[in-house]
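Participant: Quick note: the sequence shown uses numbering that gives the first Met the number 0, first residue 0, plus one each step.
It is possible that some hints are incorrect.
[Claimed, not checked] DEER-style ranges, computed between Cβ atoms:
#: 1; residue 1: 158; residue 2: 62; range: 43 to 49 Å
#: 2; residue 1: 94; residue 2: 24; range: 27 to 33 Å
#: 3; residue 1: 307; residue 2: 272; range: 24 to 30 Å
#: 4; residue 1: 58; residue 2: 105; range: 44 to 50 Å
#: 5; residue 1: 286; residue 2: 61; range: 31 to 37 Å
[To be verified] Here are the simulated EDC-like pairs of lysine to aspartate or glutamate, each with C-alpha atoms no more than 20 Å apart in a straight line:
#: 6; residue 1: 224; residue 2: 235
#: 7; residue 1: 224; residue 2: 67
#: 8; residue 1: 276; residue 2: 210
#: 9; residue 1: 224; residue 2: 149
#: 10; residue 1: 276; residue 2: 261
#: 11; residue 1: 224; residue 2: 151
#: 12; residue 1: 276; residue 2: 178
#: 13; residue 1: 224; residue 2: 125
#: 14; residue 1: 224; residue 2: 183
#: 15; residue 1: 276; residue 2: 175
#: 16; residue 1: 224; residue 2: 175
#: 17; residue 1: 224; residue 2: 122
#: 18; residue 1: 276; residue 2: 221
#: 19; residue 1: 224; residue 2: 201
#: 20; residue 1: 224; residue 2: 162
#: 21; residue 1: 224; residue 2: 98
These are calculated hints, taken from the structure and not from any lab test.
Where a beta carbon is used, it is the ideal one built from N, C-alpha and C, also for glycine.
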Amino acid sequence: MASHICIGYLLCRIADTVEDSSSIAPDEQAHLLRLYDRALDPDDDTTVDEFVAAVQPHLPPEGEQSDDWMVVANTARVFRTFEALPEDVREAVTPPVRELVSGMAMFVERYSQTGGLRIQSREELEEYCYYAAGTVGNLITNLVTRGNVDSERRSRLYDTAEEFGLLLQLVNIAKDVHDDYTSENNVYLPADWLDDAGVPQEEVVDPEHNDRTASVVARTADHAKSFLDDAQTYLETVPLREGNTLAAWAIPFLLAVGTLRELVANPEHAVTGEGVKISRQEVFAVVSEMNGASSESLAEMREIISRQPFHRATTNLD
């Protein structure tokens with residue numbers, strides 16, 4: 000199961016890297032993403048080699064490639080590995096990956112004239128988050144529900160899978176405001192919300208607006224919190240079999256809870272570039288606690304982490 004999810008993740012990562020690149024013109028990004036989507040389509044004659052040839056001129060030189068670009072450079076190898084998987088696995092993975100890719104292409108095309116994404120409203124923010132991460136929630140669910148899963152459990156998983164993805168994506172958007180704008184020329188904070196705070200979207204990281212932009216970061220974090228309950232339900236329901244572990248999904252969930260805590264306390268850090276993150280000690284404490292833990296512990300850990308760093312809480316308990 001872990002290897003199947005990993006391959007699905009790599010297929011998504013290829014598209015995400017192309018979409019995030021500030022060195023590729025928007026029209027070319029959209030072309031590459033549409034070509035990649037056709038290569039994924041089992042009913043289309045487009046081959047992965049056509050995508051590889053098209054993306055090759057945009058690859059950084061060897062030795063200068065980030066981990067993400069190394070995945071893109073190895074697209075053909077990822078495809079060969081994927082095509083060797085059982086048919087039921089490929090049928091579970093392909094539709095959500097293609098939906099992610101086509102959604103990314105649509106957003107790039109929508110904002111091709113601005114050179115970067117400029118989300119306008121809460122509704123559009125959620126639409127973007129669905130394509131970027133909700134689809135991944137559906138991919139995971141397609142894989143873990145193969146075989147014998149009762150209808151009630153299956154329904155609960157699909158009812159909450161997208162929310163699990165949206166939670167993680169919204170947390171990333173809230174904490175990465177500065178980097179998203181300065182590195183990728185993207186503004187995910189909705190223009191409507193920025194306008195309410197008196198911040199022009201093109202001045203989102205202008206020091207003059209730090210306090211007002213921080214209020215929109217806090218608003219985004221509050222919106223992310225609305226998905227916590229469904230995300231927890233998803234984790235408490237997901238089948239643990241074929242190597243699928245609770246820790247694999249609960250750790251990102253709990254770290255998101257901790258990041259939300261820090262965002263609410265210091266939203267301005269997301270704007271100034273200082274960064275919003277939790278400590279290595281807390282990460283280590285969460286990972287250690289979750290290894291071998293059961294879903295019954297999730298609610299308590301979520302409550303603790305929402306109030307204080309987990310490693311401090313466990314020290315106090317000792």
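Participant: Please go over all the hints and tell whether each is borne out by the structure.
Facilitator: Tested hints:
Taking the beta carbon of each, residue 158 and residue 62 are about 46 Å apart, inside 43 to 49 Å as hinted. Distance hint for residue 94 and residue 24: a CB-CB separation of about 29 Å, consistent with the stated range 27 to 33 Å. A beta carbon spacing of about 26 Å between residue 307 and residue 272 agrees with the range 24 to 30 Å that was offered as a hint. For the pair residue 58 and residue 105, the beta carbons lie near 24 Å from each other, so the given range of 44 to 50 Å is not met.
Restraint check, residue 286 to residue 61: a C-beta distance of roughly 33 Å satisfies the suggested window 31 to 37 Å. Taking the CA atoms of residue 224 and residue 235, the gap is near 18 Å; set against the 20 Å cutoff, the hint holds. A distance of roughly 29 Å separates the Cα atoms of residue 224 and residue 67; the hinted pair therefore is violated under the 20 Å criterion. Between residue 276 and residue 210, the direct Cα distance comes to roughly 19 Å. Compliance with the 20 Å bound is thereby established for this hinted pair.
Restraint check for residue 224 and residue 149: the C-alpha separation of about 29 Å exceeds 20 Å, so the hint is violated. Proximity of residue 276 to residue 261 is assessed by CA-CA distance (about 7 Å); at most 20 Å being required, the pair is judged to hold. With a C-alpha separation of about 25 Å, the suggested pair residue 224 and residue 151 falls outside the 20 Å cut-off, and the hint is violated. Taking the CA atoms of residue 276 and residue 178, the gap is near 13 Å; set against the 20 Å cutoff, the hint holds.
As the CA atoms of residue 224 and residue 125 are separated by approximately 13 Å, the hinted pair is consistent with the 20 Å bound. At most 20 Å may separate the alpha-carbon atoms for a hinted pair to count; residue 224 and residue 183 exceed this at roughly 26 Å. As the CA atoms of residue 276 and residue 175 are separated by approximately 10 Å, the hinted pair is consistent with the 20 Å bound. Distance hint between residue 224 and residue 175 is fulfilled; the C-alpha atoms sit about 17 Å from each other, no more than 20 Å.
Taken as a hint, the residue 224 and residue 122 pair is honoured in the structure, with Cα atoms around 16 Å apart against an allowance of 20 Å. Restraint check for residue 276 and residue 221: the C-alpha separation of about 17 Å stays at or below 20 Å, so the hint holds. Among the hinted pairs, residue 224 with residue 201 is inconsistent with the structure: their alpha-carbon atoms are about 27 Å apart, more than 20 Å. Distance hint between residue 224 and residue 162 is fulfilled; the C-alpha atoms sit about 11 Å from each other, no more than 20 Å.
Taking the CA atoms of residue 224 and residue 98, the gap is about 25 Å. The hint is violated against a cut of 20 Å.
Figure legend: structure checked against the earlier numbered hints; hints not met, in rising order: 4, 7, 9, 11, 14, 19 and 21.
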